[in-house]
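Whenever a hint applies, use it, and build me the whole structure from the sequences.
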Amino acid sequence: MAETQDPKKPGSNMSRRNFLKNTGLVAGGLIGGGLFGGLITNQMKKPANNGKKPAATANHDMDARTFFSRTDDFETLSAATERLYPEDKNGPGAIALSVPYFIDRQLAGDWGSNAHEYMKGPFPQNQESAYYENQSKDQNKQGPNADVQTPTPTPRYQTRMNRGEIFREGVKTLQDVANTKHKKKFAELEGEQMDAILTDFEEGKIRMNGIDSIAFFNLLLQTTVEGAYADPVYGGNRDMAGWKMKEYPGPRMGYLGQIEDEEFAVMKQESLRDYQDMWG
Amino acid sequence: MAKKLEKVDVVVVGSGWAGGVVSAEVAKAGYKVVTLERGKPVDRQDYIGVKDELRYTDRYEMMQNLAPETITSRNTLEEEALPVRTRNEMMAGTDLGGGSVHWAGATYRWRPIDFQFRTKTVERYGEKKIPEGMISRDWGITYEEMDPYYDKWEKTAGISGEEDPLGEKRSNPWPNPPMKESPAVKLFKETTKKMGYHPYQVASANLSQSYTNPDGETIAQCMFCSFCTQYGCDFGAKSDPLVTVIPTAVKTGNCEIRTHSLVRRVLHENGKATGVMYVDLRTGLEYIQPADVVVLGAFSFTNNRLLLLSKIGKPYDPVKRTGVIGRNFNGQFNITFLGARGFFEDKKFNLFMGAGALGGALSDFAGDNFDHSDVDFINGGGIEIRQYGHGPIATNKVPRGTKQWGPEFKDKSLHYTNRSLVVWYTPAVMSWWHNYTSLDPTYTDEFGDPLLRITNKYTDHDKAMAKFGIEKCTEIMEKMGADIVDPDEIPEEFDHIYDGGHYAGGVSMGEDPATSAVNNYLQLWDMENLFVVGGSAFPQFGGHHPTATIGALSYRASEGIIKYLKEPKLLTQPKKAAAKA
Ligand SMILES: Cc1cc2nc3c(=O)[nH]c(=O)nc-3n(C[C@H](O)[C@H](O)[C@H](O)COP(=O)(O)OP(=O)(O)OC[C@H]3O[C@@H](n4cnc5c(N)ncnc54)[C@H](O)[C@@H]3O)c2cc1C
Ligand code: SF4
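Going down the list, the sequences are from chains P and V.
For the first sequence, counting from 1, position 238 maps to 238 in our numbering; every step adds exactly one.
Positions in the second sequence are counted from 1; adding 280 to them yields our numbering.
By construction, these hints were calculated from the structure, which means they are not laboratory data.
Fair warning: this is a prediction, and the values are worked out from it, not measured in the lab.
No false leads were mixed into what you were given.
Straight-line C-alpha distance at most 25 Å; calculated BS3-like pairs for lysine-lysine:
(1) K552(V) to K594(V)
(2) K747(V) to K737(V)
(3) K692(V) to K89(P)
(4) K531(V) to K287(V)
(5) K89(P) to K628(V)
(6) K627(V) to K89(P)
Set out below in structure tokens:
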């Protein structure tokens, strides 16, 4: 494994000027008159981080809830995500990666309120939702473009609840089940007890209102994985530790100089913030 | 009351490859064009600094907002269709350039058997080979006749490709050399070559070098930036309408593009289209745009829906098997792109690097390149490996049987992140009498207009093809040296997920107005100044990605539109089809 810091290779830590030079964008004449030209002069001439933007620091003030109002709910959510994505020899788990805050923030935004989804009735499947929501349990979606999709199941969405409401209902049900079975809060259970409950959700054995428990479980799993690996701008993947475990470098200009390399490239992580700074 | 605007020669609905090519060609020929696009205006600057997997891949930033309008979907005539509610289940482009901006760029020509399906199948295997209920047919145009239009589109787009050793004759080579080869692609090619197959580099709209097209538009060289499919290109290196046909149309001075303009009806009188009615989505105000010729290039779904809503042509009735609008719906869904996933212990690939159309392919099992006497299906498809440049959220594949969460999942998904490859089959999809589009009786859009309803189910033919493809891909993956090979499973039924943009038909082309909606210039038989352009014209789906064929048909339609403007008449004479379908 090579530490790829060769400046001829655009994927490594290099300035935008070197990048342009080495990829032939300058030599190819595009800078002068071509359409790339206007772009570069408009967008790239400015020095990176010209002082108008606050410096990017690990700002833990952002670790506050804006969706879940009750501490108990958030602790239940946190404990569940940690079981799905636990701390281990590879590195931090969901809690240390700030996944619960990521989920909280996603639910507070337009994804949580299904702003871009068709939410008009009727909802004939709402009461007997099981059939449709069970239908697609395959790990991988298929069809063109399937390979770039999140490998979590995608049940057909036929409930009148939005994602935020599903999460509220789901977290509450997790607590109810913990209470009925063990007379304890979910977050206070032993790991195996939590796993048993989560497995019941995954297998559709838990009765929920307006949604199959499988659908909630799938959503929880999907958002947990997303929180571990989405750009840190969304509040998860703390310190890009998710990417480090995955040997994922973050967004780069490109890999024109490296795409043919046989060796695996180990690179330092950079974030969307770093990438945008590079464009000025 | 809708405000009536000044009449133009041609009004075009949609600004993707279909609408964009037509706008450019007709404007270049000196006619006044207005192009209406429901989405917002964008250009390359909107795609700088967007390398954000969550926002684009998982939250579908570039896809149609479904809150005001979606489609409904069911498997059979007896079921009630349900709305496709989330963008997780539905990818359709919106904004200037449409789905043609966030496409990956894998480019293929379709084959003689696609265009002359019935003739060639009967010729080689006899009438009996075509199963009951299959309504696939000839297009009314041959591969040889399509070649110059393919050539034109390929040059506009600057496609970078390597000759398919089993491909049909081309009048010209690809305009640019193929993309570089990554080790994973190389492994696929070397292995399949040893197996006696004929691999080649996937032809690509991610350009291998900077290129100026015949219209004078420059497209930059692809940087292998990995944020390609479902993204716009921040380098102007992916050929799309924004860097080609749209600027070409605008610089003629003859084309005005109006964004935020949602077309709701095609207006007509005495069998002729008079224009379209649209809404400015910012103000809610309605407008009538009169024109001599109306062109729909608004992707399969809207093309179908606008005809049905505007009561143009005879809607298909699957019970009586009469009518044409909505007939021959087809597309590649979850029973296609199946194959085998391999997990490698001692190899590690730079899978986070890539480009939308970086890949290897072979055509040994495409079209009629192999003998079908002993298989229970007709036609075929490409076999592909692709290296899109995987994001970390997407790349969590684990061998079958591994738990999907918890310590085992975490450990294995990390381990296999850069050690897992997939090879898949991209088979043709036939048309069947029971798969069609219509208006939904229950669900409506924000204006109260019925949504488009899709009825689509799988047949034994689809399953036989999928099984064949999985077996071939499994063998290849084993030979590639994967330690664990997981063959895909064949789904029981269509899952109502409209993923990847390969949905077509419903306004299909042919020679006989009893079974086709448009002729081979995509001119509506029932309304000669209305042209319906795009995949909606496919009588059935070919065994490769569709967009080159959409681009070629758009050039063919443009030629027809210009002919019609000079001499208004039906451009081809209907023929009674020799046989059924
Ligand atoms: C993720 C993804 C990857 C893909 N990759 C490939 C690939 O690698 N190879 C390949 O061959 N194909 C690929 N495709 C398919 C490809 O995107 C389409 O075939 C192609 O873009 C279709 O072009 P079009 O012009 O018909 O439609 P579009 O480009 O979608 O254009 C239609 C336009 O019409 C507009 N419109 C719709 N309704 C209205 C209305 N009522 N009023 C006004 N405007 C309207 C839309 O907003 C849109 O801009 C991919 C698709 C997706 C989703
Ligand atoms: S991979 Fe190439 S074509 Fe695709 S977005 Fe990146 S630079 Fe553009």
